[in-house]
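*Asks:* With the hints as constraints, model all of the structure from the sequences given.
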Amino acid sequence: MSRVLRPEVIRWFHAAPFATPVIGVAGGKGGVGKTAVAVNLASSFAAAGHRTALVDCDVEAPDALVFLGLPPGEGVQARVVQPEFFLEKCTDCQACIQACRRHCLLRPAERTILLMGECSGCEACFLVCPAEAIHRGHRGMGTLRTTTAGRLTVFSAALEPGAEESALLIHALMQRAAAAAEQFDVIVVDTPSGLRHTVIEALKGSAHVLVVTEPTPPGIHDLDRLLSLLDMFAVRRSIFINRADLPGSMQDLREVADRHATPVETGLRMDDQLMESSRRGVAAVQLFPQSLVARTFTGLARNLAGEYLP
Amino acid sequence: MKEIVVLSGKGGVGRSALTVSLGAVLAERNTVVLADTNVAAPNLHLIAGAVAEEVVEDWADKAAVDYDLCDHCLKCLDVCRFSAIIGGEEPIILNCFCEGCGACSLVCPVDAITVRPVVNGRLNILDAGWCRVAAGELDIGESGSGRLVEAVRKRARLEAARRGAGFIVIDGPPGTGSPAIAAMKGADYIILVTEPTPAALHDLQRIVDVVARYAIPAGIVLNRTGMPEAGVRPMPAYIREKNHDLLAEIPFDPLVPAALAEGRPVADAFPDAPFSRVLRRLARTMEDRLL
Numbered sequence: 001m002s003r004v005l006r007p008e009v010i011r012w013f014h015a016a017p018f019a020t021p022v023i024g025v026a027g028g029k030g031g032v033g034k035t036a037v038a039v040n041l042a043s044s045f046a047a048a049g050h051r052t053a054l055v056d057c058d059v060e061a062p063d064a065l066v067f068l069g070l071p072p073g074e075g076v077q078a079r080v081v082q083p084e085f086f087l088e089k090c091t092d093c094q095a096c097i098q099a100c101r102r103h104c105l106l107r108p109a110e111r112t113i114l115l116m117g118e119c120s121g122c123e124a125c126f127l128v129c130p131a132e133a134i135h136r137g138h139r140g141m142g143t144l145r146t147t148t149a150g151r152l153t154v155f156s157a158a159l160e161p162g163a164e165e166s167a168l169l170i171h172a173l174m175q176r177a178a179a180a181a182e183q184f185d186v187i188v189v190d191t192p193s194g195l196r197h198t199v200i201e202a203l204k205g206s207a208h209v210l211v212v213t214e215p216t217p218p219g220i221h222d223l224d225r226l227l228s229l230l231d232m233f234a235v236r237r238s239i240f241i242n243r244a245d246l247p248g249s250m251q252d253l254r255e256v257a258d259r260h261a262t263p264v265e266t267g268l269r270m271d272d273q274l275m276e277s278s279r280r281g282v283a284a285v286q287l288f289p290q291s292l293v294a295r296t297f298t299g300l301a302r303n304l305a306g307e308y309l310p
Numbered sequence: 001m002k003e004i005v006v007l008s009g010k011g012g013v014g015r016s017a018l019t020v021s022l023g024a025v026l027a028e029r030n031t032v033v034l035a036d037t038n039v040a041a042p043n044l045h046l047i048a049g050a051v052a053e054e055v056v057e058d059w060a061d062k063a064a065v066d067y068d069l070c071d072h073c074l075k076c077l078d079v080c081r082f083s084a085i086i087g088g089e090e091p092i093i094l095n096c097f098c099e100g101c102g103a104c105s106l107v108c109p110v111d112a113i114t115v116r117p118v119v120n121g122r123l124n125i126l127d128a129g130w131c132r133v134a135a136g137e138l139d140i141g142e143s144g145s146g147r148l149v150e151a152v153r154k155r156a157r158l159e160a161a162r163r164g165a166g167f168i169v170i171d172g173p174p175g176t177g178s179p180a181i182a183a184m185k186g187a188d189y190i191i192l193v194t195e196p197t198p199a200a201l202h203d204l205q206r207i208v209d210v211v212a213r214y215a216i217p218a219g220i221v222l223n224r225t226g227m228p229e230a231g232v233r234p235m236p237a238y239i240r241e242k243n244h245d246l247l248a249e250i251p252f253d254p255l256v257p258a259a260l261a262e263g264r265p266v267a268d269a270f271p272d273a274p275f276s277r278v279l280r281r282l283a284r285t286m287e288d289r290l291l
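If you read the protein sequences in the order shown, they are chains A and B.
Sequential numbering of the first sequence, starting at 1, is according to our numbering.
Sequential numbering of the second sequence, starting at 1, is according to our numbering.
Just so you know, these hints were derived from the structure itself, not from any lab.
These numbers come from a predicted model, not from an experiment.
Just so it is clear, CB atoms sit at the ideal spot from N, CA and C, and this is done for glycine as well.
Errors might be hidden in some of the hints.
[Said to hold, decoys possible] Short, incomplete list of chain A residues facing chain B, as computed with Cβ under 8 Å:
#1 V9
#2 G31
#3 C119
#4 A167
#5 Q183
#6 L195
#7 I200
*Replies:* Right under this line is the structure:
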């Protein structure tokens, strides 16, 4: 991706079909505490009386429900299209085989087409078949779930083992949350780690992104890259430093923040109560309402609500 | 030459620190090459203290519109299953979502769309003194990581063959999707790192289910035991059912983040640390099983 995006692409990123403000939580490096922050921020919004949605876009490692101790409940299968061949209609023209750039189609015998490889569901083969010999079949790519506990509703999705459609599943999950958006005062989006296209899919439409990091060299390295991504899309953001007392360099971290003109929120040091709450499957703001960690997230939610909620 | 890939499901459980230190202790008796296949957030080199020697660009197929030919019919937008084209006055390809499938080019009535390779990442060859490192780095926000992972592994094999290396130790990506699958295919052994927290064990189950599809021997390392929040013991039933060995338990060790901050393998910076002692036993286990 180029460093300078076309203005239409930046407008596309910020366009949303609903008015409910979205707060994204991202981190770059895995394990910096994204989900703990997202869960506690969402719980703080709910505790303050806001109808809150939490969308867990980390579909390869979906842990928001585990952090909240909520049962997964019934799910709905998300599917991706796969070609099905009706060989009695096949004219043996082999246009489908030429159209498949992944080389997934094989012709072992006359008028016989087999799907052999990892089909991405691009539908190029459908487009070129002159005989309508290819029909739309399906294969599951993941499970979508909606779980409600009081004023907090969690939208989550789990990628099927062996499936590779993380971005498509996040797209389906975000559409599901968007369809219900008007029922909520605020939407918090937890994102996958790493800086793939999946992060763009998850953060699209966020009014503000909370960037979670830690002062270790890998934490700072990935913070720099994530802020570069947010620069490209001109996204409003602030940094939440978690485990600020880990060995590393706060000075390096602040230099990266300054270089990307990004403010730093009041963060946390290594916090036993935050870890204890994750282990017990209850948001820290509920389990230890008087604790420093609870006051930190309550204050953060109050500030964000003041800025973005009507 | 044996390939060990280290995966975790959940990120931040100590996968990269373990990869580097396992490489360092194996390197006491063997020649070792490290590979970083976490191409979406590569930072193994920071932990290994490696410096870049060579950079090779990597490519992926993407659609491109010739606006001199485009007649703005936007048929391409309708057929793209990856939401990689946005419309308006004219179609705009979102390179990050483009899979290079070419469906758009098939429906374009004026042949304005071609699919062609575009640089979207690079392969970094680094040297840490005690080992070579092949590391993939996807451009920020890009897709197509599976291809780059393949390129990293191919180069790691080449480096290993040139040096007569006994082991390639591969740092995998977090998650269970295409990058993780590309990282594990063809490996001789998979080490699954986890920690005794509900989220890490939940994600471990997910990666165990993926590993089961590829019939590669795997064992589990339980990291950061004995912390205040540790509590989920013994190992859940699903681990015992899969017959994965519990290869090692590593007590929480504050010297691990201390070494990380210095950009040195723990086993090298603090050879007598509890972490390093367990890693040395793990290295012997790997030698016994694979050599």
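*Asks:* The structure should be examined with respect to each hint, and the outcome stated for every one.
*Replies:* Tested hints:
{"no.": "1", "hint": "V9", "in the structure": "6 Å, holds"}
{"no.": "2", "hint": "G31", "in the structure": "1 Å, holds"}
{"no.": "3", "hint": "C119", "in the structure": "10 Å, violated"}
{"no.": "4", "hint": "A167", "in the structure": "7 Å, holds"}
{"no.": "5", "hint": "Q183", "in the structure": "24 Å, violated"}
{"no.": "6", "hint": "L195", "in the structure": "5 Å, holds"}
{"no.": "7", "hint": "I200", "in the structure": "5 Å, holds"}
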